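Q: Sequence:
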Amino acid sequence: MDFNSMLLSIDDGLGREDIEALKFLCRDVLRKNKLLSVRSGQELFQQLMTEDLINEDNFFLLKELLYIINHHSLLRNLGTNKEKVQKALPRHGRISPYRQMLYQLSENIAGDDEKRVYFLLPLQKKHKENKTFLEVLCQLERENSITEDDVELLEDIFKKVAPDLLKIIEKYKERGDKLHQTENHLIDPSAPPEDEHELINPPLSIQVSSKDSELWDKGTESLIEHTGKIHEEAEKEDDKSGNINHQLSDLRLNSEMTPQANKEEFYDMNHKHRGYCLIIDNSVFMKGNRREGSDKDAGALSDVFSWLGLEVDIFENLMSEQIRDCLKRFKSRDHSERDCFVCCILTHGESGTVMGSDDKEVSIREIMSYFTAISCTSLVLKPKLFFIQACQGKFTHPSSKVEADAIVPEENKKYVVNVPKDADFLLGMSTVDGYAAYRHTREGSWYIQALCKNLVELVPRGEDILAILTKVNKDVSLKEGQQGILKQMPQPSYTLLKKLRFPVPDVPFRPKTCQENSP
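Using this note's numbering, the letters of the sequence shown correspond one by one to residues 1 to 519.
I should point out that these hints are in silico values taken from the structure, not numbers from a laboratory.
Accuracy of the hints is not assured; some may be wrong.
[Stated by the list, open to error] Here are the computed lysine to any residue pairs in the SDA-like style, where the Cα-Cα straight-line distance is at most 20 Å:
1) LYS328 - GLU56
2) LYS131 - ASP18
3) LYS82 - PRO97
4) LYS173 - GLU366
5) LYS499 - PHE266
6) LYS171 - ILE146
7) LYS125 - GLU135
8) LYS84 - GLU56
9) LYS131 - GLU143
[Claimed, not checked] Pair by pair, the computed Cβ-Cβ distance ranges are:
10) GLU107 - THR80: 18 to 24 Å
11) ASN317 - ASP113: 43 to 49 Å
12) GLU83 - LEU8: 21 to 27 Å
13) GLU56 - LYS126: 31 to 37 Å
14) ARG175 - HIS127: 26 to 32 Å
15) THR80 - LYS115: 37 to 43 Å
16) THR80 - ASN144: 36 to 42 Å
17) LYS498 - GLU155: 32 to 38 Å
18) ASN108 - VAL504: 50 to 56 Å
Only a predicted model underlies this, so the values are computations on that prediction, with no experimental measurement involved.
Just so you know, even glycine gets a beta-carbon here, dropped at the ideal spot from N, CA and C.
From just these sequences and the hints, can you work out the full model?
A: Shown next, in the form of structure tokens:
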């Protein structure tokens, strides 16, 4: 039986309620607007194939979905059974525990209990009347009344109405707590940070472009790049990390890395596929504030990470909900045969957040939370790298040559940006708390260009990612804009448990632009 015939046989065994259940379970995997039009199993399978979530060689996601909705008899059509699927789930499962927990609640609530739950839910009547429990849950998610990290509303209601089903929610929460506790034992959150001045020792200089400093002065824009209030005398605050460090449970960069290390000290980077690299490049916004030069950063990141063996996807000008949907799709991909995950976001922002093209905020903490061990099991024990180039504060230099890249908020909001409690994360911010960072309108940002340049130069020398980021810090710290007035200092934070060293590519690096111009 060929693949399409096999899918057709599965569709024949599904009822209307089964289709709705599968659509609900796929809410983190497929775009919600795509799911709205799905009316049959064939249409759902086609969407999954379009997103390359199932194909003739790998259709475990379909097995997982049928297993969750207890259609074990249909698993035979896929050449397997529930025991085999259950055994493979810890390694290959892609439906989040959160989504499964909600589905279990819907399957177990009925009759008067369901009516009483509806009565207590803070939803308009039109969103509850003649709606299935799955539809009601979807509405709660749309209103952010429940999220993967916050199921308190459901917990409170089920305590009052259906305490026997409360154990489903408690089991979900306990799983997350145990996972975080286990990983916290691997990390020492109280490790003393190194003095920031150690990262500002006289470094080697870099040239991000062939343009001279005068040209940079004419085109440089200001990004107020990290959280909290901008200090008027920022130069005096070099040794403070401010808001970002207030609750950071991370280790600091240590430039004195041991020259020789055992193989066990390095992350495994030997899979056939290196990993996915997601680049979100927002340069156009509803309220204006166009980010000129951002395309140079996106292009440089794409060239470098493609050269390093990652599969790069670039998304431009995403609204806030589209950013969330994009992240959910990437967390739901199968990363089991890949080494790592990289996410780069280039946009405007406020304190602790980044901006969608609709000028609405998405917290940096939320962005990383989609890839924690409990949310993305196929990335457990694998490095997850996030590089954020986003304005994060108020404009401080009212010069005609410098434009504010930040959307100034009505009030100064405070968010704490911190690496998740999970292990194996790295967050690279383009500046420390309260300081400006800079982007040239034609050549790209200081931080991203320095990051790309040092990856190209230092990966072939066998340097690990932390050594490379230390060099990025030093290089950017020497850059000057506006006749020496403007300075910048990036800040990495991480919970990596091993060194991360990208394998040296087989071919020398050549930017795509050079390749296109070659005869």
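Q: Now, for every hint given, state plainly whether the structure supports it.
A: Each hint tested on the structure:
Note on LYS328 and GLU56: the hinted pairing is violated, with a Cα-Cα distance of about 23 Å set against a maximum of 20 Å. A hinted pair counts as satisfied when its Cα atoms are at most 20 Å apart, and LYS131 with ASP18 qualifies at roughly 16 Å. About 18 Å separates the Cα atoms of LYS82 and PRO97, which keeps this hinted pair within 20 Å; it holds. Our distance criterion of 20 Å between C-alpha atoms is met by LYS173 and GLU366, whose separation comes to about 18 Å.
Note on LYS499 and PHE266: the hinted pairing holds, with a Cα-Cα distance of about 5 Å set against a maximum of 20 Å. Pair hint LYS171 plus ILE146 holds up; C-alpha atoms about 17 Å apart against a cutoff of 20 Å. In summary, the hint linking LYS125 to GLU135 is supported, as the alpha carbons are separated by about 13 Å, within the 20 Å threshold. This hinted pair checks out: LYS84 and GLU56 have alpha carbons roughly 19 Å apart, not beyond 20 Å.
At roughly 16 Å between alpha-carbon atoms, LYS131 and GLU143 fall within 20 Å of each other, so this suggested pair holds. A beta carbon spacing of about 22 Å between GLU107 and THR80 agrees with the range 18 to 24 Å that was offered as a hint. About 45 Å separates the C-beta atoms of ASN317 and ASP113, a value consistent with the hinted range of 43 to 49 Å. Taken as a hint, the range 21 to 27 Å holds for the pair GLU83 and LEU8, whose Cβ atoms sit roughly 25 Å apart.
The given range of 31 to 37 Å is broken by GLU56 and LYS126, whose C-beta atoms sit roughly 43 Å from each other. About 29 Å separates the C-beta atoms of ARG175 and HIS127, a value consistent with the hinted range of 26 to 32 Å. For the hinted restraint 37 to 43 Å between THR80 and LYS115, the CB-CB distance of approximately 39 Å keeps it satisfied. Restraint check, THR80 to ASN144: a C-beta distance of roughly 37 Å satisfies the suggested window 36 to 42 Å.
About 37 Å separates the C-beta atoms of LYS498 and GLU155, a value consistent with the hinted range of 32 to 38 Å. The given range of 50 to 56 Å is respected by ASN108 and VAL504, whose C-beta atoms sit roughly 53 Å from each other.
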